[in-house]
Amino acid sequence: MNDLIAARATMGFSLGFHIIFAAIGMTMPFFMSAAHYLYLKRGDEVYLELTKMWVKGVAILFAVGAVSGTVLSFELGLLWPGFMQHAGPIIGMPFSWEGTAFFIEAVAIGLFLYGRKRMKPWVHWWTGVAVGVSGFASGIFVVAANSWMNTPAGFDWVDGAARNIDPVAAMWNRAWLHESLHMQLGALQAVGFAVGGIHAVLYLKGRAPDLNLKALKIALTFGAAAAILQPFAGHFAGQRVAELQPAKLAAMEGHFETGRRAPLYIGGIPDVETRTMKGGIPLPGLLSFVAHDDFDAEVTGLDKFPREDWPPVVIVHVAFQVMVGIGTVMAAVGALFFWFWRKGAFPRWFLGVLGASMPLGMLAIEAGWVVTEVGRQPWIVYGIVRTRDAVTPVPGMVYHFYLFLVLYLALAAATVWLMGRQIMKVQTRLSGGAQ
Amino acid sequence: MMTDILVLFIGASLLLYVLLGGSDYGAGILELLPAGRLREKQKHVINDAMGPVWEANHMWLILVVVILFMGFPTIFTTLMISLHIPMLALLAGIVVRGTAFTFRHYDAVQEPKSQRVYTVLFSGSSLWTALWLGIIVASLNRGIIDPRSRDVWTAYVAPWWGLYPLAVGVFVACIFAFLACIYLVDETTDAELARRFRRRAAAFNCAVIVAGGLVFAASLGERESLPVTFFKNPWTLGVMGVATLLFVALWLFVTRHRVWLTRVVAAGQVSLILLGWWLLYAPNALLTATGPLGFYEQAAPEATLRQLVIALVVGSFFIFPSLIFLLRVFKLKRAGG
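Here the protein sequences come in this chain order: V and S.
To convert, note that position 190 of the first sequence is 190 in the numbering used here; the numbers rise steadily by one, no gaps.
Here the numbering used here runs 435 ahead of the position in the second sequence, where the first position is 1.
Worth double-checking, as some hints may not be accurate.
As the list claims (entries may be wrong) - Covered stretches of chain V (chain S as the covering partner; in silico rule of three or more C-beta atoms under 8 Å from a C-beta of chain S): (1) 102 to 113; (2) 163 to 169.
What the hints assert, rightly or not - Computed footprint of chain S on chain V, listed as stretches where at least three residues anywhere in the stretch have a Cβ under 8 Å from a Cβ of chain S: (3) 58 to 67; (4) 420 to 429.
Calculated from the structure, these hints are not laboratory results.
Everything numeric in this text was worked out from a predicted model, so none of it was measured.
For every residue, glycine included, the Cβ atom is placed at its ideal position computed from N, Cα and C.
With these hints in hand, go ahead and build the complete structure from the sequences.
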């Protein structure tokens with residue numbers, strides 16, 4: 001593993017790790033606030049029990065998110081000084097707002113987690129909402145910083161340096177809206193399905209059915225609604241990518257030859273050598289329609305780009321297919337969820353489906369970030385700075401990689417183990433009390 | 436003008452990180468010491484004192500990082516390249532410290548075996564992180580950081596290697612532990628434990644002075660030793676003198692159980708030490724082998740600085756009231772009652 005690959009692996013791994021906890025940290029507060037609201041309004045103790053249970057889980061997951069986020073803020077410089085040297089002054093603005101938002105989130109979560117007995121009930125409730133709002137805002141700011149790497153704006157590039165920097169224009173670059181929308185919906189969807197899935201399994205096991213049913217209704221109200229909206233957000237994002245980063249779109253779709261009536265492939269593996277798709281079902285004209293609203297529109301293929309500027313096509317295409325496939329399934333499950341709720345009961349097979357869907361959203365988030373990050377390669381700032389020119393000169397990056405690999409794997413194992421203990425303990429106690 | 440404000444924010448954030456975040460590390464360091472039958476009680480006091488605030492306290496460090504990479508990118512990247520190894524050590528410590536502390540508190544099954552593991556990880560990494568923080572701070576102005584070099588030893592190890600950075604690390608750890616003792620005295624209703632915190636505050640007070648002497652002694656081997664730098668700078672000398680004299684006031688208040696006066700005086704002393712250090716080197720952020728890297732020379736373009744200042748000032752209007760609310764809810768009520 002050379003230093004560049006090691007640095008990329010470290011960054012990818014740290015981001016992929018942090019994003020799970022970030023997604024939880026910015027959406028769970030809304031679920032908790034909803035449960036807490038129902039308790040305060042209806043006085044039903046089950047909702048208080050549920051809030052407390054979620055609070056304990058969130059406290060653990062939030063801490064992991066906070067420290068892994070700290071790591072990322074340092075790693076920007078530890079791994080990519082050549083990037084931060086140019087990009088810091090241009091995209092620091094969303095980071096500074098993110099810092100502010102996260103600061104408020106950190107204060108609010110302290111109040112919310114520990115302050116129930118020290119504040120008036122509704123003041124305490126509002127601190128929970130503040131955690132959610134500031135967390136959600138900080139997510140949007142971070143994604144705005146990332147979107148600038150895809151559609152750099154707010155500066156002139158003169159002789160290898162940025163001039164006439166305009167941080168405001170950089171922040172509101174052309175990709176911020178579709179990326180943020182897609183990500184925030186994705187977070188709601190992934191966390192809603194993960195939490196709903198856990199409670200569906202517990203319900204099926206016959207543990208505290210009342211609590212678990214209420215829990216899964218709250219979580220999946222958010223999750224299923226987001227899952228149903230997501231295809232629209234995804235379609236919007238796809239069209240923007242077609243316009244702004246045609247090489248990325250071509251890699252996503254395994255589209256080698258520029259042409260009209262471009263086919264959309266379901267499945268299939270792109271063969272970079274022969275520049276063809278192996279396998280997969282082609283749907284003629286559909287890619288043209290999806291990308292440009294017209295079955296006969298021309299879609300730019302990879303042939304328009306020098307070979308050295310291609311992203312790793314196979315990875316991007318497979319990751320994209322995984323994301324879209326999962327998204328489709330989740331939208332369908334989400335629609336069924338509302339349908340069964342309206343009918344008044346969830347059949348057991350459907351609760352099984354919900355249980356099986358537990359990890360889907362997180363998988364889709366990871367796949368989506370592979371699409372956007374690997375799909376931007378070989379650039380770190382699209383069309384301006386190459387990743388290999390931004391990497392740190394420090395040698396032995398592979399040790400940096402191993403250190404964080406071991407640290408994060410241990411942390412992930414510990415977190416899963418703790419969550420298991422948490423769930424078992426609460427559920428056993430509740431079931432014991434109910435029977 | 437914009438740079439002035441940003442330098443002020445960096446200084447203030449560092450100070451608040453030391454005063455608030457530092458005491459959280461100090462609490463971890465305290466748990467490394469023998470505690471006998473008060474161990475469990477001490478653990479609960481520290482859990483309750485740190486739990487609601489440690490994440491907010493930690494944010495001051497993030498703020499410094501963000502201001503540096505947006506406003507002073509060359510200083511940021513030089514630090515991250517030349518001090519890559521200590522930064523990595525610091526990060527590993529931050530990750531282990533924060534998670535071990537939270538896991539210990541929120542583990543659903545509180546059994547002695549796993550609790551012991553969390554405590555060892557939490558307290559060990561608190562000391563580890565404090566040491567590396569000191570090592571990094573000491574490395575900033577030694578004049579050894581060499582941005583031109585790509586030789587492994589000269590470029591990546593020599594800048595932080597040596598007795599002097601280690602001595603500063605020990606000094607920082609002692610200051611953190613001292614602050615923790617002072618703050619914790621009134622977090623407990625248990626008279627015996629409070630007495631222990633008071634005794635340990637006295638011990639760490641002495642340790643701070645001894646470690647300060649060590650820093651001076653170790654600096655004799657540096658390119659420019661501290662005694663020399665100190666006497667060139669009457670302000671630093673004066674500030675350090677006042678900090679030392681304040682120990683008299685501190686112990687007067689401690690023995691008379693004046694909770695808030697004690698806390699304020701101790702925090703004031705630590706602030707003065709930090710101010711003295713700042714006066715020695717500001718407005719240079721780094722002293723490298725090729726000369727100083729100053730905040731004013733290395734600042735980003737004006738448009739960037741303006742946006743950063745706006746974000747910080749507007750952010751302050753949200754952050755400070757919410758922080759004050761946090762402290763009111765968790766600290767004032769207890770100390771008053």
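Next on the checklist: Can you confirm whether chain S covers the stretch 420 to 429 of chain V, using C-beta to C-beta distances below 8 Å and requiring at least three such residues?
Outcome noted: Held - the stretch 420 to 429 of chain V has 5 residues with a Cβ nearer than 8 Å to chain S, which meets the minimum of three.
Next on the checklist: Verify this for me: three or more residues of the stretch 163 to 169 of chain V with a beta carbon less than 8 Å from a beta carbon of chain S.
Outcome noted: holds (count 4)
Next on the checklist: Can you confirm whether chain S covers the stretch 102 to 113 of chain V, using C-beta to C-beta distances below 8 Å and requiring at least three such residues?
Outcome noted: holds (count 10)
Next on the checklist: Tell me whether the statement that chain S covers the stretch 58 to 67 of chain V is true, taking a Cβ distance below 8 Å and needing three residues at minimum.
Outcome noted: holds (count 7)
Checked against the numbered hints given earlier, the structure satisfies every one of them.
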